[in-house]
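Trainee: Given the sequences, and given the hints that come with them, work out the whole structure.
Each protein sequence line maps, in turn, to chains A and F. Be aware that the first sequence starts at 1, since it is given in the UniProt record's numbering, and climbs by one per residue. Be aware that the second sequence starts at 1, since it is given in the UniProt record's numbering, and climbs by one per residue.
Just so you know, the hints here were simulated from the structure itself, not pulled from any lab data. Glycine is no exception: its CB is placed at the ideal position from the N, C-alpha and C atoms. Hints may contain errors.
What the hints assert, rightly or not - Distance windows between CB atoms, simulated:
#1 A:E37 - F:R232: 46 to 56 Å
#2 A:L23 - F:V302: 48 to 58 Å
#3 A:Q106 - F:G41: 30 to 40 Å
#4 A:G40 - F:R57: 29 to 39 Å
#5 F:T126 - A:G128: 39 to 49 Å
#6 A:D101 - F:G331: 55 to 65 Å
#7 A:R6 - F:G309: 42 to 52 Å
#8 F:T186 - A:D136: 28 to 38 Å
#9 F:R232 - A:D136: 21 to 31 Å
#10 F:R57 - A:A140: 17 to 27 Å
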Amino acid sequence: MPGTDRAMDADIRLRVDGELHELTVDTRTTLLDLLRERLGNTSPKKGCDHGQCGACTVLLDGERALLCLALAVSHDGAEITTADGLAPEGELHPVQQAFLDHDAFQCGYCTPGQVCSAVGVLSEVDRGWPSHATRDLTAAPELSTDEVSERMSGNLCRCAAYAHITPAVQQAGGAR
Amino acid sequence: MKPFAYARPSDVAEAVREVAAEPNAVFLGGGTNLVDHLKLGVARPDLVVDVRTLTSREITDTGDGGLLVGAAVSNSELAADRRVRERWPVLTQALLAGANGQLRNLATVGGNPLQRTRCVYFQDVTTACNKRAPGSGCSAIGGYTRYHAILGASEQCIATHPSDMAVALTALDAVVHTEGPRGARTIPFGELHRLPGDDPSRDTVLEHGELVTAVELPPLEMARRSTYRKVRDRASYAFALVSVAAAVDLADDGTVRDARVALGGVAHTPWRATRAEEVLRGRRLTDDTARAAAEAELADAVPQPGIDGGNAFKVPLVARTLTAALRILTGREG
Ligand SMILES: Cc1cc2nc3c(=O)[nH]c(=O)nc-3n(C[C@H](O)[C@H](O)[C@H](O)COP(=O)(O)OP(=O)(O)OC[C@H]3O[C@@H](n4cnc5c(N)ncnc54)[C@H](O)[C@@H]3O)c2cc1C
Ligand code: SF4
Ligand code: FES
Ligand code: FES
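Mentor: What follows is the structure in structure tokens.
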């Protein structure tokens, strides 16, 4: 059978939180498993492993994305920023500071994903991207409660800290 | 997950050749549906041919007022495109009603319309399913049918197509550009998906190895007045129970000169509502007209009984959703 004589692993390069990695990976490996199991970066969490919870959200080549449905081989050359790499060692990113100010977490399991998602949301709003909650698709979007809730809807929080997460994102947005 | 070989071809012809030569090969776009299926065992390819960044990542003007959208454009980029927001708002709204921001950044224009049904039995390899395992039976019939079809289903399969984007593209008379083992062709979007009939394993008319390279949005002046209305179990981040994509061309006196309507969540395909369009043409857009249009479209609807209460609720829900969409388009929104 053609195809089966091919290698089931591949060499890839990835930059994660500023550090370059060259690795050989099984073609089946997701970026989430690669980061957590191979690189020891446990900032992105595994909640569902099926794209349904947002716990594995990072910035992938600058845009927020899930890692659990991304095959590592397909993202050869990618640049990934996890919640751990958002700010220099010992400092906090404004979104992280806002989460602290608003007590926007309880157990904290969803938090790295929430924070990365929020960074992505603010960048999308800056670029004028509309959302499902945007009434006028051609106007600059605002960071209303409805807008933030809609844009953050892909990040579930089993502790239901939403009432604090939304204002944290709004604060971080206003503080830019 | 079953092991598979991986290839990242450098051009379209090579990608087509690779998949065409291997009966158990698949294309990989953003992977948000395929990788899920690899994990679930729903897809068990020997070879994965990566086209995530292969086709065009550009959205270009066609010169006649339309747009050509490369298959590698992300769902987010397409939704945010200024031209789409102004001239085809129904498409932006449909895209933004689907999945979430993180998924839309990964998902491609080529992959979205080809995502497979969310039928829970299809996704559970321990159950019988004619789509996943032809001839094994359909566990959905008489089972959980809340998300299943009321139009065009067969005794083999009652699944629905889950894409929101595809419903808008159906209403907009989009055209799919493909490159396959037998060359390039274009397929009217309304002819891309097929009803289940006695071969539910095939969702579309695409041949094995046929790659979607672009989606063309033809000029459609009335699409400036268009909207997408989706009804779901949660306010966000959930698949449609029922959805409506609609565009209308209204005369000054409020009479409908022309209309485009497509329905989601009701059939194995995004459902072009030609009967509803016919009823709308030449009439004034009132709630009564909208209800009459929905009634005409659903005249042959066959709701499914089910252990979850079945899906007969979709018949009145389509009527109400169409009414609400048309209210928005005539500025009568409450
Ligand atoms: C939790 C969750 C919620 C979601 N909610 C919604 C929702 O509400 N509404 C909605 O519409 N969608 C929803 N989605 C689905 C999502 O939109 C699709 O998974 C996505 O659009 C698929 O695009 P992709 O590029 O990732 O495709 P892939 O997963 O890469 O591919 C999908 C299929 O298309 C084939 N394919 C890919 N590209 C091509 C090509 N160029 N030519 C030929 N074949 C190709 C693949 O072989 C595969 O069979 C949801 C997904 C998840 C995980
Ligand atoms: S409805 Fe279709 S996809 Fe679902 S179990 Fe039946 S055959 Fe399979
Ligand atoms: S672990 Fe990726 S979305 Fe849940
Ligand atoms: S803080 Fe516990 S899951 Fe969100």
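Trainee: With reference to the structure, classify each hint as holding or not holding.
Mentor: Verification of the supplied hints:
1. For the pair E37 of chain A and R232 of chain F, the supplied restraint of 46 to 56 Å is violated, since their beta-carbon distance comes to about 35 Å.
2. The given range of 48 to 58 Å is respected by L23 of chain A and V302 of chain F, whose C-beta atoms sit roughly 53 Å from each other.
3. The hinted window of 30 to 40 Å between Q106 of chain A and G41 of chain F holds, with their beta carbons roughly 35 Å apart.
4. In this structure the hint that G40 of chain A and R57 of chain F lie 29 to 39 Å apart at CB holds, the actual value being about 33 Å.
5. Between T126 of chain F and G128 of chain A the beta carbons are some 46 Å apart, a value that agrees with the proposed interval 39 to 49 Å.
6. The given range of 55 to 65 Å is broken by D101 of chain A and G331 of chain F, whose C-beta atoms sit roughly 42 Å from each other.
7. The beta-carbon spacing between R6 of chain A and G309 of chain F, approximately 49 Å, falls within the hinted interval of 42 to 52 Å.
8. In this structure, T186 of chain F and D136 of chain A meet the distance hint of 28 to 38 Å, their C-beta atoms being roughly 34 Å apart.
9. A hinted range of 21 to 31 Å holds for the C-beta pair R232 of chain F and D136 of chain A, which are about 23 Å apart.
10. Taking the beta carbon of each, R57 of chain F and A140 of chain A are about 25 Å apart, inside 17 to 27 Å as hinted.
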